Structure formats: C-alpha cells, structure tokens
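Residue strings, one per chain:
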Amino acid sequence: MLRGPDARLRLITVLLIAALLLVLGQLVRLQILDHRHYQNEAEALVRRQYTLPEAPWGVIMDRNGALLVGNVPVYNVGAEITMITDTVMAASVLAPLLNRPEEELLATITLSEGVQHLIWRPLANRVPPETVQKLRALNWPWITLSPTWERYYAEGALACHTLGFVNADGLGYGVQTFLLRVLRGESVTRVGSVSVDTRPMPNELVGGNLTPYPGTNLRLTLDRTMQAFVEGALDQAIVEYNAAGGVILVMNPQTGEILAVASRPHYEPHRFPEYAQDGRDVLFRDPAVSMAYEPGSVFKAIVVAAALDSGRVDANWSYNDAGRLEYGGVFIRNSNGVAYGTQGLQGIMDHSLNVGTAHLSTRVLGADVFYKYMRDFGFGQTTGIELAGEAAGIVHLPTDWDWSDSYLATNSFGQGIAVTPLQMAMAISAIANDGVMMQPRIVAERHYPDGRIVPVPPHALGQPISAETARAVTEIMVRSVDTFGKVAQVNGYRIAGKSGTAQIPTTGGYHPDDVVASYVGFGPAPNPQVVILVNLDRPDVPADMRWGMHTAAPVFQKVMTRVLTLMGVPPSELRAGH
Amino acid sequence: MSVLWQQTTHGVLKRKEKMQRFSAQLLLGIVLVTTALTGIYLAVVASNVHTARRLWAMEYQMSNVLRDNQALITEVARLSSIPVLQERSVALGYQPAESIDYLYLGEP
Chain Z
1 MLRGPDARLR LITVLLIAAL LLVLGQLVRL QILDHRHYQN EAEALVRRQY TLPEAPWGVI
61 MDRNGALLVG NVPVYNVGAE ITMITDTVMA ASVLAPLLNR PEEELLATIT LSEGVQHLIW
121 RPLANRVPPE TVQKLRALNW PWITLSPTWE RYYAEGALAC HTLGFVNADG LGYGVQTFLL
181 RVLRGESVTR VGSVSVDTRP MPNELVGGNL TPYPGTNLRL TLDRTMQAFV EGALDQAIVE
241 YNAAGGVILV MNPQTGEILA VASRPHYEPH RFPEYAQDGR DVLFRDPAVS MAYEPGSVFK
301 AIVVAAALDS GRVDANWSYN DAGRLEYGGV FIRNSNGVAY GTQGLQGIMD HSLNVGTAHL
361 STRVLGADVF YKYMRDFGFG QTTGIELAGE AAGIVHLPTD WDWSDSYLAT NSFGQGIAVT
421 PLQMAMAISA IANDGVMMQP RIVAERHYPD GRIVPVPPHA LGQPISAETA RAVTEIMVRS
481 VDTFGKVAQV NGYRIAGKSG TAQIPTTGGY HPDDVVASYV GFGPAPNPQV VILVNLDRPD
541 VPADMRWGMH TAAPVFQKVM TRVLTLMGVP PSELRAGH
Chain W
1 MSVLWQQTTH GVLKRKEKMQ RFSAQLLLGI VLVTTALTGI YLAVVASNVH TARRLWAMEY
61 QMSNVLRDNQ ALITEVARLS SIPVLQERSV ALGYQPAESI DYLYLGEP
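Taken in order, these protein sequences are the chains called Z and W. By our numbering, the letter at position 72 of the first sequence is numbered 72, and the numbering carries on one by one without gaps. By our numbering, the letter at position 18 of the second sequence is numbered 18, and the numbering carries on one by one without gaps.
So that you can see chain W by itself, here it is in the shape it has in the complex (with noise of 0.2 angstroms):
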C-alpha cells in the first residue's frame, strides 16, 4: 500500500487540505481587510487634502470677493456722495426747501 493511499485512507490529506484551505482564506481576509483599510484611509486623506484645497481656494475667494465689495462700496458711496447728488437734483430741478408750513394733527 502506498503512503499516498495510506493517507488519503485515514483521512490526513483531507485534514491537510482543510488547514491549507483556511489559512489561505485567513490570509485573503487579512489582505481584504488590510486593502479595505487602506483604501478607506486613502480615501479620507485625499478627501481632506481635497477639501483642504477647496477651503484655501475658497479663503482666498472670500478674500478677493471682500475687496471687489469694498471697492463696490465705494464706488456707490462716491455716485452717492453730497456733490454728485447736488448736482443731479439741481439737474432735475430740485430746489431747497425755504418755507416749510407744518400741519397739526391734533389727538384722534
């Protein structure tokens, strides 16, 4: 009788074959889990590096939308300043008011 057959008669290489086939499934969930781990740490380090970067790019938006309205403001309080508005109510006719009769409205 062969050792082979010896063995496969007593059941060692079905116990043998059972072992190898749960390490290598123990090992497959090691490198699953460890790849998922990874891939989930990459992830969150590219999200953040991306949202880093979108946060900065909005800084600094923020920063050149802050000066656009500073010089909107500006300009409007120019284009609203005493002279300009002097000159086009005096344009339109606009007089200053002289004789201001006032009205008593007593108690209702």
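Next up, chain Z with everything else stripped away, as it sits in the complex (with noise of 0.2 angstroms):
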C-alpha cells in the first residue's frame, strides 16, 4: 500500500515518465531506426515519373508583328475503361462529342473478359476546349484530359513553304522544321510524388518550376501583306498563261531579306498529314529554295557582270555575232538564229545573244575564271538560309568526271547548270547592291521567352564583283529595259531586269515545248531596294507567247509596281531630289 501523499505522487510521476518514454522510444523507432523503411513505403505510394503540361511552341509572325503561326490549345483524351459501369450509355453520349462512329467507341472502352487492372484507352486526340467542357460537366472520374497544343496557321496556305510544318517523328519543311530546337518549347519528365490524378504534389516545386517554358518566338522577315500580294499575282499569272507553277522571290539587296516568296503549287500546312496520306507529299518540297532549274537567259546578267569584272573586256568592248559558234563540239546559236554582226555588252543583255556569251565564256574569260565567278556568286553552294531542305544546285566544273567542253558555252547562257531561284536572286542582288551578296535571311529576330530579342544581323557571304562592275552592269540592264524591255518598265522607276526562257531538260535532251519562263530585275537604280524573280513553269500558251518577256515581265511589272508603293519608296526622280 502506498502511504501519503507524497508516494503516490512519486508513483504517478513515475508512470507519467515510463509513459513518455515509451512515447519517446516508438518516435525514435518510426522516426529514426525504421525511418528508411516507412519512407520506402510511403514514396512506392506517390512516387511516379510524371511529365509536366507540353510547353507552347515559339509562334512565328512577320515582319510587322502580325501572327502567321500560332497555338491552339487542345485536349487529348483518354478513359481509365475498368471504371465504367455503363459502357452502351458512355458510348453513346461521347460519340457525337468526340466526333467518333458509337460502334468503334463502344468497342475501345469496352473491357475484354476476365481484365481485373486498370486499362487506360486513348479515345480522341486535339480535342478542342469547348468539347472538354461538355466533357467536364459530365463529371466521369475515368475520363482523362491531357493538355496539349495544336499549330494554327492564321492565314491558311500564305508562305505555306516558307512556314512549313513539323510531324510528329521531328521531321517536315519550312522554317519550322529547320528551327525545331528553338521553336520546340520545354519538354519536362521528372520522378516525385504525384496526385492521384498524376500531377505533381506541390512538394515538388522543389525540384523546379511546373510550368515548362515555351518556345522561343520568331519574328520572319517576310511582309504579310506582300506576300499576300505576290501569291494573288502569280495565281493571276498561272491561269493566265495556263502554267504548271511558278515561283516569285522579293528580296531586299542590302539586307539579303526575303519580304515575301510564293511558289506553286502550294498545300495548306495545316493539313499535311492528309497530303501525306494521299502520295501528294510532293507539294511540301519549296520550289522557290528546293528545287533546282536551268536559269536560262537571265544567267547572262552574271557572265557580263564576271566579263566586266575580270578585267578583261570593257564598256567599249565589241565582238562579231555571226548567229552561231563551234565549241566543245556544239553549235551554240542565238534563239533566233539571226546573225548580230558586231556586238558589246549592251546589244548581249538588249538582243539576249548566247553567241555573245558564250563568246565571253569561251574566248574571253575560260573554263577557271568563268567558274571562279560561279562559285563567287554562290552557285553549286546552299546559301544557309534558315529553311529546311535547301538544295545546292548543279554546277559542272572542269575536274568532274561527266565534264564536257561544251558546259562552258552552254552554261554562259544558263543551260546544263542549274539553279535555284533563291540562288537566282541572291546573285542578281549582288550586282543590285555594289557587289556585295548578303546571305538571303528569312527570320529577322528570335524572341527568347525570357524577354530577351535578339536580332539576326544581315551577314555579306562575300563580294563577287566590285562596286564599279555592279553599277555598270546595272546600267547595262536599266537601258536594256528602257529599250528593249519596256514591258518590264514601272511608270517613274528607273528598272534593271533580264527575261529568260529556259528549256526544260529531260533524259538524253530538252523537251521540244516545254520551257520555264522567267524574269529577274531590280529597283529603283540608283541604290535599288529590292530585287524579285518571277518564274512560270511550263506556261501552256502558243508557242511565240511562251517568252520570259511575253509572260514573266508583266508579272514582274505588276509586282514591282505594288512592291514599291508598299515600301513606301518614292520615284527615281524624288529620290534624286528634283
């Protein structure tokens, strides 16, 4: 028996410490001995590898900030099929929801016999927001809705080439897929303890942001509404003189900016899978950058422009057309066949003499100069521009194994070299702009999603001729177009330009009537701001129609014309300050 007050307190003091001792002894086990097992336990519960939300891709706009791709939010969406109890009805009410035959949804969410873990099913992809909410308001636990992006081309089909798209592998056309890396936001997996809906618990802010970044935005150089512009005329232009395709380039020379290009035919990128599908993947290939073609006659601009640079011929220089010349064991003659007598440099670019050039190229400059300047002016070399599936051309030189002489003087006048029409104008804005070739830039400024914008600056790939060579040659070609070529002339504009009508090669020759019809020039000289290119592939017109200068050069004028009134540029005489 405990006697007095002072036992029984000690006792239950006692019993007090045994108590929290006891306490204290199942802490140090849970807490510190069995630590490493319960939290074992406890991460096997939560502790998944979860991905966070898909980052939005960097959007593209133009030149003026005007949106040409963007981002569509939409929703993937999925069942967890074990937790439907009502197959038939879930069946029938998501079918017109999601756009589905009910007999094909019935059979994905319905469970096969004998399954007792839980199967997740996908049921609809790119499912836009105002579905989901319909999807929401049901309130079914199993429904499962992945957030993701879809691109949205806000002008349909405009610089559907130069845009391009990217599949689902990392692969496709255009600017998009050449700057995948930067375009393509932040894509985040990480293992930690995620909800029961698989998102992450908030302890896991820890290890970063939840949000990923977005891609970085691009803003192009193109001009929206030129370009608009530009793909109105050369439709225009191909029901009018019934052609297959075409292309038309407007550059700015001393930039190498590319303001607007539209080739043909063209698809809409939004639905290339479809093109896909159906075999017509052919369309995705740009024909303005991808595909290389015989210049023709407007090469003749390069060869007076290497000519006049070489040293070796001058302002004065004169030679005798006689219609035809041997070389290499072909007989090169002029289009017409008709003899010029004594010719120089103006009367080549005026009457489009191959005899005249390919005198230059043969007697005048030879095979190591002549492919000098090719090289110089970029031929048989890509020109970096940030597009997917750039081609480099044909250029055949003097070391290679299917070399034959007669390249020399056919390749004066643009035949047996070939070209793309990007290749095209990069080298006739060199003359444009002083000798110096800017490298042709599609994207003028990168938007970091940190704030950051950094400009792409123009970069010179270098100085094929020089400032005096250019200026002459523009004269050349201004006069040419005062006189011989008129159709190409813009009322109060000082214009240089050269048509050519190039035959189409097939196997063993070229084609009797078909013939790429093309026009290249610039202006306003002096100190010409831009350069364009117009080519018509295989015009489908009588055959004394088919012409550069009966189809290319109106097509020409008509850009030009508007090209200058969107720039803003003054005529040649206010630019003079008369």
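Because the hints were derived from the structure by calculation, they are not lab data. None of these values were measured; they are calculated from a predicted model. The C-beta atom is built at its ideal place from N, Cα and C for all residues, glycine as well. It is possible that part of the hints are untrue.
[Said to hold, decoys possible] To give an idea of the chain W side of the interface with chain Z (calculated C-beta under 7 angstroms), a few residues:
1) Trp-5
2) Ser-63
3) Gln-70
4) Ile-73
5) Ile-100
6) Tyr-102
[Stated by the list, open to error] Estimated spans, in silico, between C-beta atoms of each pair:
7) Z/Asn-242 to W/Tyr-102: 36 to 42 angstroms
8) W/Leu-79 to Z/Asn-527: 35 to 41 angstroms
9) W/Val-90 to Z/His-511: 26 to 32 angstroms
10) Z/Tyr-213 to W/Tyr-102: 43 to 49 angstroms
Join the two chains into one complex using the hints; note that each chain is given alone, in its own frame.
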C-alpha cells in the first residue's frame, strides 16, 4: 500500500515518465530506426514518373508582328475503361462529342472479359476546349484529359512553303523544321510525388517550375501584305498563262531579307497528314529553295558582270556575232538564229545573245575564271537560309568526271547548269548591292521566353564583283529595260532587268515545247531597294508567247509596281531630290 | 521539540521550498521554451505547406492563363487575318491604291 501523498505523487511521476519514454521510444523507432523503411513505403505509394504539360511552341510572326503561326490549346482525351459502369450509355454520349462512330467507340471502351487491372485507352486527340468543357460537365471520373497544343496557321496556306510544318517524328519542311530546336518548348519529365490524377504534388516545386518554358518566338522578314499580294499575282499569272507552277521571290538586296516568296503548287500546312496520306507530299518541297532549274538567259547578267569584273573586257568591248559559235563539239546559236554582227555587252543583254555570252565564257574568260565567278556568286552551294531542304543546284566543273567542254559555252546562257530561284535572286542582288552579296535570310529576330530579343544581323557572303562593275552592269540592265524590255518598266522608276526562257531538260536532251519563263530585275536604280524574280513553269500558251519577256516580265512589272508602293519607295526623280 | 520545529527554526524548510520553487520555475521555463519552439516550428511548416500549395495552385493557374492567352492570340490573329480584313475593307468601300502621287519636300 502506498502511504502518504508524496509516495503517490512519486508513483504517478514514474508512470508518466514511463509513458513518455514509451512514446519517445516509438518516435525514435519510427523517425530514426525504421525511417528508411517507412519512407520507402510512402514513396512507393506516391512516387511516379510524371511529365509536365507540353509547353507551347514559339509563335511565328511576320516582319510587322502579325501572327502567322500560333498555338491552339487542345486536349487528348482518354479513359480508364475498367472504371466505366455503363459502356453503352457512355459510348452513346461520347460519340457525338468526340466525333467518332458509336460502335467503334463502344468497342474501344469495352473491357475484355477476365481483365482486372486498370486499363487506359485513348479516345480522341486534339479535342477543342469547347468539347472538353462538355466532357468535364459530365463529371465522369474515368475520363482523362491531357492538355496539349495544335499549330494554328492564321493565314491558311499563305507562305506555306516558308513556314512549313513538323510531323510527330520531328521531320518536316520550312523554317519550322530548320529551327525546330529553337521553336519547340521545354519538355520536362521527372520522377517525384504525384497526386491520384498523376499531377505533381506541391513539394515537387522544390525541383523547379511546374510550368515548362515555352519555345522561342520568331519574327520573320516576310511582309504579310506583300506576301498575300505576290501570291495573288502568281495565282493570276498561272491561270492567265496556263502554267504548271511558278515562283515569285522578293528580296532586299541590301540586307538579304526575303520580303515575300510565293511558290506554286502549294498546300495547306495544317492538313499535311492528309497530303502525305494521299501521296501528294511532293507539294511540300519549296520550288523556290529546294528545286533547281536551268535558269536560261537571266544568267547572262551574271556572265556579263563576271566578264566586266575580270578586266578582260570593258564597256567598249565588241565582238562579231555570226549567229552561231562552235565550241566543245556543239554549235551555239542565238535563240532566233539571227546573226547580229558587231555587238557589245549592251547588245548581248538587249538581244539576249547566246553567241555573245558563249563568246565571253569561252574566248574571254576561260573555264578557270568563269567557274571562279560562278563559285563567288554562290552557284552550286547552299545559301544557308533558315529553311529546311535547301538544294545546292548543279554546276559541272572541269575536274568532274562527267565534264564536257561544251558546258563552258552552254552554261553562259543558263543551260547545263541548275540553280534554285533563291540562288539566282541572291546572285542578282549582288549586282544590285554594289557587288556585295548578302546571305538571304528569313528570320529577323528571335524572341526568347525570358524576354530577350535577339536580332539576326545581315551577313555578307562576299563580294563577287566590284562596286564599279555592279553599277556598270546595272546601267546596262536599265538601258536594256528602257529600250527592249519596256514591258517590265515601272512608271517613274528606273528598273534593271533581264528575261529568260529556259528549255527543260529531259532524258537525252531538252523538251521540245516546255520552258521555264522567267524574269529577274531590281529597282529603283540607283541604290535599289528590291530584287524580284519571277519564274513561270511550263506556261501553256502559243509558242511565240512563251518567252519570259511575254509572260514573266508583265508579272514582274505588276509585282514591282505594288512592292514599291507597299515599301513607300518614292519615284526615282523624287529620290534624286528633283 | 519536534523535527518540524527544528527544520523551521534552522531554515531547512525554507531552503527546500526555495529549491522546489526554482525547480518548478526551471521546468516551467523549459516547457514554455519547448512549446514556443514547437509552435514556431509547426507554424513555419504549416506556412511552408500553405505557400507551396498556393504556389502549386498558381503554377496551374498560370498554365491555364497561358493556354487562354494563346487561344486569344490565335483568335485575334483570325479576326485580323488578310481574308477577314479584305472582306471588311471591301464592305467599307476601300480600294487598293493604284495611282500614288509623291510630294517632294526639300530640305528646310
């Protein structure tokens, strides 16, 4: 028996201390001794690999900030089908919402007999937010909604080849494929604590943001308004001349900026899977950048520039045009077979004399000098523009196994050599820009998600000809337009230009009828602001109207007139300060 | 003389009481400090959890706002696209500028 209050107090104290020790002991066991065991058990319950919602890709704008490619928020819809109680009712409700046949949907959400474990199946991809709202209103816990994005082309098919697309494998065309790593948003996959709906728990914030960084936005050099006009002009020309396709390229020779580039045939980039499925993926290749053609007589401007720059001829040089010239086993003739007698550089450009340029390449320049200039003008090499699938073209060199001496003569008037429209415009832009050849570029600025705006500076690829030569050739081309090429003249402006009508090579020769009619020019001289190249592929009009001067030149004139207006370039007289 | 009397007269009880009072105060102090520390610890943990929860909610809110923003950007782009603008311009009676007169302003 306990005697007295002191003894009872002591007993209570001992009991309390014992209880406290018991609690402390348990705490030590749980928190220290068995800590690892319980932590592993807890983690096994909530620790999973999770992927953060897909970040939006960078948007693409034109030079004035108008959206060309954006992102539409959409959802991928799935179902934990083991949790569905009434599959028939579910299928009948979901079928119209997800735009799927009811029977097909029922088969998707019906569980095979004997299956016990949780099964998830996808029901529909890229479902718009309005439909998702209706799905949420159903309040069915087995529906899973994964937010994702779909590319949105604000102007439809406008500039489709330039903008391009990227498929699920990361392959595609245009600037989007070329700059895929820049445009694509951050993709984050981590291992950590997740809630029952597989979303990361708040403590995962320690590992970093739960909203991944979006991709980098791009501001292009394209002008949306100019692009729309140029595409409209090309469409009209194709209808008018019954052509199979065409290219119009508008470029600033001083900066290399591509202001507009239209190519036909074309496609709608948001429907690229349908085109691929139908075997029409040839439409994805941009004729302006990825397809080389024999340029024909527009190439003569380059040869004349090379001859003048080499110092082997001057403005007073002349030759006797006999209407034909034999070189390397082939006879070179003027397109109309006429002998023009004594002619100079101006005559070669005015009458587009094949014999004249062949004379320059074979008897004045020679292969070494001629091909040095071809290399300097960038032919046979890619330009480095930020577009996927750029072609290098074909330039045969004397060291090649398939070289033929006749190439030196035929190359001088754009036969036996293949260039892309972009290369041709770039080379002509060197003449327009005092001999300095700027690299063509399509991206003006990169807008990084952290707010930095990094402009892409103009880059000179070289100076194939001197400023004096460039000005002299410009004057020759201007005089040629003013005298023999009035159809390309723009009222109030001094325009330089050259037409071309190139035969299309086939196996073992050239097609008897098909041609590529082209015109390339720039203006206003002096200090040209814009280079425009027009190509019409196989215009189907009477033979005497197939010439570049009859088909491509009027289109050039129309486009140049509007482009100068859109750019706000005053007439030459006003620019000169009169 | 009783023992109690002796203890009282010799100051023994007074010392003992002083000791007990000191012990009680010490214990009370420890309990108070421990309680305060525990309270602060719990408050900090609770605040952390609350803040994390808010941050977490804000992250998702930001994600949703980002999606709404992108949707609005595309909607604005659709409404200001060239075909829509052309349609509206034609309805308003605008025409493409065909003939432009430039006025030369000389240096002042």
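Hints, one by one, checked against the model:
no.	hint	result
1	Trp-5	20 angstroms, violated
2	Ser-63	5 angstroms, holds
3	Gln-70	5 angstroms, holds
4	Ile-73	5 angstroms, holds
5	Ile-100	6 angstroms, holds
6	Tyr-102	4 angstroms, holds
7	Z/Asn-242 to W/Tyr-102: 36 to 42 angstroms	37 angstroms, holds
8	W/Leu-79 to Z/Asn-527: 35 to 41 angstroms	39 angstroms, holds
9	W/Val-90 to Z/His-511: 26 to 32 angstroms	42 angstroms, violated
10	Z/Tyr-213 to W/Tyr-102: 43 to 49 angstroms	47 angstroms, holds
In this structure, the hints that do not hold are numbers 1, 9, in rising order.
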